[in-house]
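2 protein chains.
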Amino acid sequence: MHQTAAKTAAALSPLSIIQGQSLFAAMDDRLQEAFAQASQIQQLQKGAVLFLQDDPAEWFYVIISGWVKLFTETLDGNEAVIDMLSAGHMLGDSAILEDGIHTFGAATVEPVTLLRVPCNLLKSAIDRDHTVALAMLRSLSRHRKRQTREIESLTLQNASQRIGCFMLRLCHPGQAEPIVLTLPYDKSLIAARLGMKSETFSRALNKLRSETSIVIKGTVVTIPNLEDLSGYVCSACSSEFPCADLG
Amino acid sequence: MHQTAAKTAAALSPLSIIQGQSLFAAMDDRLQEAFAQASQIQQLQKGAVLFLQDDPAEWFYVIISGWVKLFTETLDGNEAVIDMLSAGHMLGDSAILEDGIHTFGAATVEPVTLLRVPCNLLKSAIDRDHTVALAMLRSLSRHRKRQTREIESLTLQNASQRIGCFMLRLCHPGQAEPIVLTLPYDKSLIAARLGMKSETFSRALNKLRSETSIVIKGTVVTIPNLEDLSGYVCSACSSEFPCADLG
Numbered sequence: 280m281h282q283t284a285a286k287t288a289a290a291l292s293p294l295s296i297i298q299g300q301s302l303f304a305a306m307d308d309r310l311q312e313a314f315a316q317a318s319q320i321q322q323l324q325k326g327a328v329l330f331l332q333d334d335p336a337e338w339f340y341v342i343i344s345g346w347v348k349l350f351t352e353t354l355d356g357n358e359a360v361i362d363m364l365s366a367g368h369m370l371g372d373s374a375i376l377e378d379g380i381h382t383f384g385a386a387t388v389e390p391v392t393l394l395r396v397p398c399n400l401l402k403s404a405i406d407r408d409h410t411v412a413l414a415m416l417r418s419l420s421r422h423r424k425r426q427t428r429e430i431e432s433l434t435l436q437n438a439s440q441r442i443g444c445f446m447l448r449l450c451h452p453g454q455a456e457p458i459v460l461t462l463p464y465d466k467s468l469i470a471a472r473l474g475m476k477s478e479t480f481s482r483a484l485n486k487l488r489s490e491t492s493i494v495i496k497g498t499v500v501t502i503p504n505l506e507d508l509s510g511y512v513c514s515a516c517s518s519e520f521p522c523a524d525l526g
Numbered sequence: 280m281h282q283t284a285a286k287t288a289a290a291l292s293p294l295s296i297i298q299g300q301s302l303f304a305a306m307d308d309r310l311q312e313a314f315a316q317a318s319q320i321q322q323l324q325k326g327a328v329l330f331l332q333d334d335p336a337e338w339f340y341v342i343i344s345g346w347v348k349l350f351t352e353t354l355d356g357n358e359a360v361i362d363m364l365s366a367g368h369m370l371g372d373s374a375i376l377e378d379g380i381h382t383f384g385a386a387t388v389e390p391v392t393l394l395r396v397p398c399n400l401l402k403s404a405i406d407r408d409h410t411v412a413l414a415m416l417r418s419l420s421r422h423r424k425r426q427t428r429e430i431e432s433l434t435l436q437n438a439s440q441r442i443g444c445f446m447l448r449l450c451h452p453g454q455a456e457p458i459v460l461t462l463p464y465d466k467s468l469i470a471a472r473l474g475m476k477s478e479t480f481s482r483a484l485n486k487l488r489s490e491t492s493i494v495i496k497g498t499v500v501t502i503p504n505l506e507d508l509s510g511y512v513c514s515a516c517s518s519e520f521p522c523a524d525l526g
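Chains as they are written, first to last, in my numbering: chain A, 280 to 526; chain S, 280 to 526.
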């Protein structure tokens with residue numbers, strides 16, 4: 280899968296990636312080209328650090344393929360995984376609104392292809408161009424909604440429901456049952472992403488199994504009945520499956 | 280205290296409240312006056328609903344005094360308290376970036392004085408005026424940081440640390456010890472705000488007492504040693520006391 284992704288990435292130009300991002304869609308051709316010319320496609324191995332919390336922000340990134348972890352580090356050395364992002368997502372761009380300082384770190388959790396774009400170019404485009412400022416507002420607003428959903432989930436869903444929600448968000452309504460899906464990254468990362476210790480994750484996964492008849496073998500999850508799962512998960516959430524933010 | 284606040288509010292004009300908000304500071308005098316003329320000061324009792332999730336957004340609000348709860352409601356009828364806001368905070372303004380729909384509900388938890396401002400006025404100001412769009416970007420960015428901190432805390436801090444963090448954020452560095460403070464709203468709301476059931480809150484509060492020597496009588500908290508408390512709380516956080524976002 281990574282090889283295919285890398286091939287696809289090689290066929291893509293910085294310009295086509297930029298044109299595919301809603302933040303840049305409102306820009307005129309010349310500005311899009313200026314961004315494309317100042318950007319580079321990068322292929323990184325697993326574990327590469329894009330930036331650390333409190334680093335001055337030189338670049339922001341558009342993910343072309345692979346998963347990137349956003350994290351903060353506590354004083355006693357633990358890591359909070361505050362988000363996991365994949366293809367099509369941007370990261371690091373918010374630093375230009377934070378005095379040019381990254382307020383979290385970012386690292387790859389598998390081989391990742393991305394486009395890196397200079398922060399100062401985006402900053403000056405927002406400062407000069409009203410349509411770009413409006414596009415950035417829409418982008419931040421989507422982000423705000425994503426975070427609100429996250430806070431709600433951490434507040435009200437129990438550990439089993441959070442795991443079920445994670446799986447449900449990988450499904451599409453109308454998919455033929457049983458639905459078979461592969462976990463996108465390893466279980467310890469999923470646990471961290473959902474704010475759980477490994478032991479809690481294992482116990483909660485067992486409970487989810489018994490409550491919803493899903494079957495898990497290694498990284499493959501089989502969901503015999505989507506309604507069983509969504510009934511269990513979405514009762515403790517303010518939105519129903521399919522989540523509106525997944526379009 | 281509420282009477283004093285109400286008196287102060289009566290002495291305030293919509294214009295002076297608007298001028299005190301950073302979102303409006305970048306606007307020229309005429310625009311500030313247009314906002315002031317279209318706005319009204321409201322005094323509400325405890326339990327008043329400002330708007331519900333999915334309501335069309337007619338007004339947004341600046342809190343002059345008192346506490347307002349932001350919440351979402353789950354399908355099974357539980358409430359997630361996603362934020363608690365007090366004097367100086369704005370709420371509901373983000374709806375203008377969400378197709379004019381409120382993505383959460385808001386209700387007072389005590390007598391509250393606020394200024395209500397028409398959403399359409401802010402929307403057209405952002406659409407027309409670049410400096411207003413930039414001010415809104417800064418406002419959303421502050422909000423994003425607040426939410427990131429929240430997610431980190433829910434992910435990594437245990438229940439006792441979250442309660443301690445809540446208390447610590449009510450203190451100022453350099454305050455003479457022992458520090459005596461009054462909880463700003465009742466314990467069941469604090470529990471909900473911190474994403475805990477009442478039983479969890481009670482147990483966690485007992486643990487916090489034994490770990491940090493704080494004393495709690497009713498709504499009054501005595502903190503004999505700030506360093507004891509911050510040592511216990513901030514070890515599981517990426518920032519140190521005093522939190523940068525409290526300026």
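Be a bit skeptical, because a hint or two may be false.
When chains are identical, the list treats them as one kind, so a pair holds in a single copy or across two.
[As the list claims (entries may be wrong)] Derived pair list, reagent style DSS-like, types lysine-lysine, alpha-carbon separation capped at 25 Å:
#1 Lys402 with Lys424
#2 Lys325 with Lys466
#3 Lys476 with Lys402
#4 Lys476 with Lys466
#5 Lys325 with Lys486
Calculated directly from the structure, the hints in this document are not laboratory data.
Here is how each hint holds up against the structure:
1. For the homomeric pair Lys402 and Lys424, the shortest alpha-carbon distances inside one copy (23 Å) and between copies (18 Å) are both at most 25 Å.
2. Taking CA atoms no more than 25 Å apart as the test, Lys325 paired with Lys466 passes inside one copy only; the shortest distance there is 16 Å, against 45 Å between copies.
3. Taking the shortest alpha-carbon separations for Lys476 and Lys402, neither the intra-copy value of 39 Å nor the inter-copy value of 43 Å comes in at or below 25 Å.
4. Only within a single protomer do Lys476 and Lys466 lie at most 25 Å apart by alpha-carbon distance; the minimum there is 11 Å, versus 27 Å between protomers.
5. Neither within a single protomer nor between protomers do Lys325 and Lys486 lie at most 25 Å apart by alpha-carbon distance, with minima of 32 Å and 40 Å respectively.
The structure fails hints 3, 5 (numbered hints given earlier, in ascending order).
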